[in-house]
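Residue-level listing of the chains:
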Amino acid sequence: MFDIRLNDRGDVVLSGRFDAAQVDKAKTVFDRLAATAVVDFKDLNYISSAGLGVLMATQKRLTDSGHKLKLKNVSGHIRDVFNIARFDLIFDIQ
Amino acid sequence: MEKKFQRDLRSLEKIFDFIDHFIAKQRIDHAVKDAVYLAVDELFTNMVRYHPKNNNEISLTLKKERNRMIIRLTDRDVEPFDLTKRKDPNIQASLKERSPGGLGIYLTKNIVDDIQYEYRNRTSIITLTKNLGRKNV
Chain R
1 MFDIRLNDRG
11 DVVLSGRFDA
21 AQVDKAKTVF
31 DRLAATAVVD
41 FKDLNYISSA
51 GLGVLMATQK
61 RLTDSGHKLK
71 LKNVSGHIRD
81 VFNIARFDLI
91 FDIQ
Chain U
1 MEKKFQRDLR
11 SLEKIFDFID
21 HFIAKQRIDH
31 AVKDAVYLAV
41 DELFTNMVRY
51 HPKNNNEISL
61 TLKKERNRMI
71 IRLTDRDVEP
81 FDLTKRKDPN
91 IQASLKERSP
101 GGLGIYLTKN
111 IVDDIQYEYR
121 NRTSIITLTK
131 NLGRKNV
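Here the protein sequences come in this chain order: R and U. Per the numbering used here, the very first residue in the first sequence carries number 1; after that it's consecutive. Per the numbering used here, the very first residue in the second sequence carries number 1; after that it's consecutive.
None of these hints come from the bench; they were simulated from the model. Here a beta-carbon is modelled for each residue, glycine too, at the ideal position from N, C-alpha and C. Treat the hints with care, as some may be off.
Unchecked claim - Cβ pair distances, simulated, as ranges:
id	chain 1	residue 1	chain 2	residue 2	range
1	R	1	U	122	35 to 45 Å
2	U	25	R	1	28 to 38 Å
3	R	83	U	133	16 to 26 Å
4	U	129	R	65	17 to 27 Å
5	R	9	U	66	26 to 36 Å
6	R	75	U	88	24 to 34 Å
Said to hold, decoys possible - With a cut-off of at most 27 Å between alpha-carbon atoms, the simulated DSS-like pairs for lysine-lysine come out as follows:
id	chain 1	residue 1	chain 2	residue 2
7	U	33	R	72
8	R	60	U	96
9	U	85	R	25
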């Protein structure tokens, strides 16, 4: 079960499994971001390339206007996937 | 164990359940689970996307042989797509030059130990080998 929400600070909070079937749901939140935002991965258990694609597209769009995504609480499987995809080169991973 | 799944991204939840069941039944280290999820997810998603109008179900077979897990996806009545010949994306490129295309296959190549592609009688068969007992993604 995948979920995405904004918390009180405006951080994007992800939970569950982010696969290709969840892209439309995720984009309802990511596509509305218009400034630098934190994405919290603490409760996300799994991500596929479809999820990476949403993050990358959002980062490209925000960077064009001088903003960016900051990724936090990245661990385990998600960190391994980010390392393989070299997301450290294109994201601020806290 | 073999099971057929509808050609629909909503099948992914059922696929994850099938993998969970196999791993528990075969007493395979749960550390392998995310790697198997990812490899099967990426290949199944590609099959759905590249042949959306095909009504055939996609078959997933999971086997344990000694100290390795064999994962096979079979897609019938499709055009060939040899993922082993796909060029890797440039993951060192700048954000502006990067695109998500090809990332799924690249991830799959990096988390399994062997990939074989066969195409015969208009059927694509992808066989993955995941060695057990080493660090897993």
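Hints violated by the structure (listed by number, smallest first): 2, 4, 5, 9
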